[in-house]
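**Student:** This is what each chain is made of:
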Amino acid sequence: MTRYGMVIDLRSCVGCQACSAACALENQTPYWSNKWRTTVKDIQVGQYPNTGRHFVPTICMHCKEPACMTVCPTKATFKTDDGFILVNYDTCLGCKACIAACPYGARYVYSKEDVQQDKEIYGDNAQHTKVHIDKCTFCQDRIARGMEPACVSTCPTTSRMVGDLDDPTSAVAKAVSSGLAKPLRPDLGTEPRVYYIY
Amino acid sequence: MSFAKNPKKRYILSGAGPSTDHTLTTRFSAVEPNPNTKGTADILFGFAQGFGMTDRLVQTISELNGMNLKALQEEIGKAVKGQQTYTQALRNVSFEEHAKNLGMTADKLEQTLREKGVLVIESASKMREHATIAKDLPVPTPSGRIEIYSLMLAGFTMQQGYHPNWDPGLVYIPPQVNQAKKPDEFNFVYGKTPTISYASTNANNPILMALSKVKEDEFMGLWINPQKATLLNIKTGDTVTVENLVSGQKAQIKAFVTEMVRPDTVFMSSSFGTENPLLKTAAGVGTAINKLIPYQVEPIVSAFRSQEFTVRVTK
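Heads up: the protein sequence lines correspond to chains A and B, in order. For the first sequence, the tail end lands on 198 under this note's numbering, and the numbers increase by one without skipping. For the second sequence, the tail end lands on 513 under this note's numbering, and the numbers increase by one without skipping.
Rather than coming from a laboratory, the hints here were simulated on the basis of the structure. One should not assume that every hint holds.
[Unchecked claim] Straight-line Cα separation of at most 25 Å, DMTMM-like style, residue types lysine to aspartate or glutamate; simulated pairs: (1) B:Lys452 <-> A:Asp42; (2) B:Lys413 <-> A:Asp42; (3) B:Lys433 <-> B:Glu414; (4) B:Lys298 <-> B:Asp219; (5) B:Lys298 <-> B:Glu261; (6) A:Lys96 <-> A:Glu113; (7) A:Lys174 <-> A:Asp164; (8) B:Lys413 <-> A:Glu113; (9) B:Lys411 <-> A:Asp42; (10) B:Lys478 <-> A:Glu120; (11) B:Lys478 <-> A:Glu113; (12) A:Lys182 <-> A:Asp166; (13) A:Lys41 <-> A:Asp166; (14) A:Lys64 <-> A:Glu191; (15) B:Lys478 <-> A:Glu191; (16) B:Lys433 <-> B:Glu457; (17) B:Lys452 <-> B:Asp415; (18) B:Lys433 <-> A:Asp42; (19) A:Lys41 <-> B:Glu414; (20) B:Lys478 <-> A:Glu26; (21) A:Lys41 <-> B:Glu416; (22) B:Lys411 <-> B:Glu506.
[As the list claims (entries may be wrong)] If you only want the chain A side, here are some residues facing chain B, beta carbon under 7 Å, derived: (23) Ser12; (24) Cys16; (25) Ser20; (26) Ala24; (27) Gln44; (28) Gln47; (29) Thr51; (30) Phe55.
[Claimed, not checked] Derived DEER-like restraints, expressed as beta-carbon distance ranges: (31) B:Thr434 <-> A:Leu93: 35 to 41 Å; (32) B:Glu230 <-> A:Gly123: 35 to 41 Å; (33) B:Arg254 <-> A:Asn50: 53 to 59 Å; (34) B:Ser500 <-> A:Val56: 38 to 44 Å.
Every residue, glycine too, gets a C-beta built ideally from N, C-alpha and C.
Model the full structure from these sequences, guided by the hints.
**Tutor:** Given below as structure tokens:
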């Protein structure tokens with residue numbers, strides 16, 4: 001079974017937010033309510049003239065030990081055989097316990113108003129028909145079709161890479177095994193599958 | 199204007215791209231063009247005809263391309279009568295003139311290009327033997343040093359009189375800005391946002407606009423350094439008035455206090471502020487730079503001198 005992981009290279013991210021736009025279009029995330037599955041934080045450092053700017057894309061980490069799944073009262077949040085963390089929209093109560101538990105701020109409520117707006121914009125092609133807690137799915141449907149997640153394929157600087165963490169020849173496995181790519185907040189013990197090079 | 203169907207030949211002759219050989223190449227149409235379309239030359243001549251300026255356009259083409267005016271008038275005359283397209287007319291003259299220079303017929307030139315694709319008139323190595331800088335001179339100028347002198351700009355001077363903008367020796371023209379600025383006076387620069395990196399009409403894309411609003415302070419605000427912002431009691435989010443001290447134009451915009459800009463300079467994006475009500479997502483969001491930039495065109499390259507002024511920023 002492929003153990004997909006993602007590596008995000010902060011050295012080459014230019015903060016263009018094409019990942020956010022591609023994700024919003026692919027997954028019909030409620031951009032109208034300023035809710036996104038992936039965002040790019042813009043961090044400015046230093047004082048003129050010694051200033052710097054860092055762009056940090058954020059996304060669901062698809063943790064091996066997901067806090068969001070542990071707290072879900074209906075087991076709507078579950079882990080697939082591939083290790084992806086997904087939400088069953090049919091059984092999700094929208095109680096927000098997972099939002100509180102996620103240390104990476106990767107979840108939001110797909111509200112009734114958002115569902116209505118989704119229907120208004122996308123009509124019969126609307127993907128979200130029920131109120132639920134929404135998050136990154138690692139573009140499951142694209143992965144199933146042999147495609148990269150939308151955020152990865154659209155990145156103009158190829159700052160995002162995806163691949164099999166168990167395949168020692170894959171770029172992501174090499175970046176992780178060499179120590180070049182590191183997870184965010186490893187101290188939390190969540191064991192993310194998204195790593196950062198910085 | 200008529201449009202002859204099935205034009206066999208399109209485009210005039212040109213060089214061979216990156217090759218340094220002295221060559222001629224051209225393009226031949228591979229498929230029949232859509233009968234409802236026209237070549238660029240035909241469209242431009244259509245405009246010229248509409249303005250009653252066909253003769254002037256012919257003369258301009260002759261002056262710019264060095265094409266023989268009489269031959270051009272003859273071929274364009276046939277196009278005016280609908281006997282051929284304007285594109286074809288220009289091409290005929292081009293073929294005739296190149297063929298004459300090469301000592302062959304236009305038909306022979308076309309046949310050669312059709313068969314070989316490229317006609318090498320002289321290879322780069324051959325040209326080097328007689329047409330490059332002599333090897334034993336640093337530079338073959340009267341002074342023996344590099345001399346920069348533009349014959350084209352000298353031509354402007356002869357026609358129009360001297361002006362620093364077309365000084366044949368290229369001179370520095372200081373910007374029209376007050377060099378000793380007051381505390382509330384800034385240089386003005388502008389740029390793009392990554393979400394709206396092309397024309398500002400892109401701002402009407404709802405996803406890109408939503409992303410822009412995530413970073414509204416930064417993307418739509420006037421960047422001002424904290425040193426000056428403190429002095430002027432300006433905080434991020436404050437509405438400030440920006441006044442062009444050359445043209446007198448004024449605009450209001452929200453401030454974004456940041457270390458990412460020099461203390462003597464303010465910056466804003468050119469991506470927002472459209473007032474076109476049909477652009478429903480973008481209309482009225484942000485401030486447009488043309489509220490601050492006057493119609494001030496550089497006479498040689500027709501570029502806007504869009505940052506040649508200072509602005510006063512007041513809360």
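**Student:** Now tell me, hint by hint, if it's right for this structure.
**Tutor:** For each hint, the structure was consulted:
Only pairs whose Cα atoms come within 25 Å are accepted, and Lys452 of chain B paired with Asp42 of chain A is accepted, the gap being roughly 19 Å. Only pairs whose Cα atoms come within 25 Å are accepted, and Lys413 of chain B paired with Asp42 of chain A is accepted, the gap being roughly 9 Å. Among the hinted pairs, Lys433 of chain B with Glu414 of chain B is consistent with the structure: their alpha-carbon atoms are about 15 Å apart, no more than 25 Å. About 20 Å separates the Cα atoms of Lys298 of chain B and Asp219 of chain B, which keeps this hinted pair within 25 Å; it holds.
For the proposed pair Lys298 of chain B and Glu261 of chain B, the alpha carbon gap of about 19 Å is at most 25 Å, so the pair holds. At roughly 17 Å between alpha-carbon atoms, Lys96 of chain A and Glu113 of chain A fall within 25 Å of each other, so this suggested pair holds. The straight-line distance between the Cα atoms of Lys174 of chain A and Asp164 of chain A is roughly 10 Å, inside the 25 Å bound, and the hint therefore holds. Distance restraint check for Lys413 of chain B and Glu113 of chain A: the Cα-Cα separation of roughly 23 Å lies within the 25 Å cut-off, and the hinted pair is therefore satisfied.
Taking the CA atoms of Lys411 of chain B and Asp42 of chain A, the gap is about 14 Å. The hint holds against a cut of 25 Å. With a C-alpha separation of about 16 Å, the suggested pair Lys478 of chain B and Glu120 of chain A falls inside the 25 Å cut-off, and the hint holds. Our distance criterion of 25 Å between C-alpha atoms is met by Lys478 of chain B and Glu113 of chain A, whose separation comes to about 21 Å. Of the supplied pair hints, the one linking Lys182 of chain A and Asp166 of chain A holds, its CA atoms being roughly 16 Å apart against a limit of 25 Å.
For the hint linking Lys41 of chain A to Asp166 of chain A, the alpha-carbon distance of about 29 Å lies beyond 25 Å, and the restraint is violated. Our distance criterion of 25 Å between C-alpha atoms is met by Lys64 of chain A and Glu191 of chain A, whose separation comes to about 5 Å. As the CA atoms of Lys478 of chain B and Glu191 of chain A are separated by approximately 45 Å, the hinted pair breaks the 25 Å bound. For the hint linking Lys433 of chain B to Glu457 of chain B, the alpha-carbon distance of about 13 Å falls within 25 Å, and the restraint holds.
Proposed proximity of Lys452 of chain B and Asp415 of chain B is supported: the alpha carbons are some 7 Å apart, at most 25 Å. Distance restraint check for Lys433 of chain B and Asp42 of chain A: the Cα-Cα separation of roughly 19 Å lies within the 25 Å cut-off, and the hinted pair is therefore satisfied. Taking the CA atoms of Lys41 of chain A and Glu414 of chain B, the gap is about 13 Å. The hint holds against a cut of 25 Å. Between the alpha carbons of Lys478 of chain B and Glu26 of chain A the distance comes to roughly 23 Å, so the proposed pair stays at or under 25 Å and holds.
With a C-alpha separation of about 12 Å, the suggested pair Lys41 of chain A and Glu416 of chain B falls inside the 25 Å cut-off, and the hint holds. The hinted pair formed by Lys411 of chain B and Glu506 of chain B fails the criterion: a straight-line CA distance of about 29 Å is larger than 25 Å. Below 7 Å, beta-carbon pairs count as interface contacts, and Ser12 of chain A has none with chain B, the closest being about 14 Å; its hint is therefore violated. For Cys16 of chain A, the suggested interface contact is upheld, since its CB lies about 4 Å from the closest CB of chain B, less than 7 Å.
Because the closest C-beta pair between Ser20 of chain A and chain B is about 6 Å apart, less than 7 Å, the hint holds. A hinted interface residue such as Ala24 of chain A counts as satisfied when its beta carbon comes closer than 7 Å to some beta carbon of chain B; here the least separation is about 5 Å, so the hint holds. Among the interface hints, the one on Gln44 of chain A holds; its C-beta lies about 6 Å from the nearest C-beta in chain B, closer than the 7 Å criterion. At its closest, the beta carbon of Gln47 of chain A sits 5 Å from a beta carbon of chain B; the interface hint therefore holds under the 7 Å criterion.
Because the beta carbon of Thr51 of chain A sits about 5 Å from the nearest beta carbon in chain B, less than 7 Å, this interface hint is met. Evaluation of the Phe55 of chain A hint against chain B yields a violated restraint, the C-beta minimum of about 10 Å exceeding 7 Å. The beta-carbon spacing between Thr434 of chain B and Leu93 of chain A, approximately 39 Å, falls within the hinted interval of 35 to 41 Å. The hint said 35 to 41 Å for the Cβ distance between Glu230 of chain B and Gly123 of chain A, and at roughly 40 Å that hint holds.
The hinted range of 53 to 59 Å is satisfied by Arg254 of chain B and Asn50 of chain A, whose Cβ atoms lie roughly 58 Å apart. For the hinted restraint 38 to 44 Å between Ser500 of chain B and Val56 of chain A, the CB-CB distance of approximately 42 Å keeps it satisfied.
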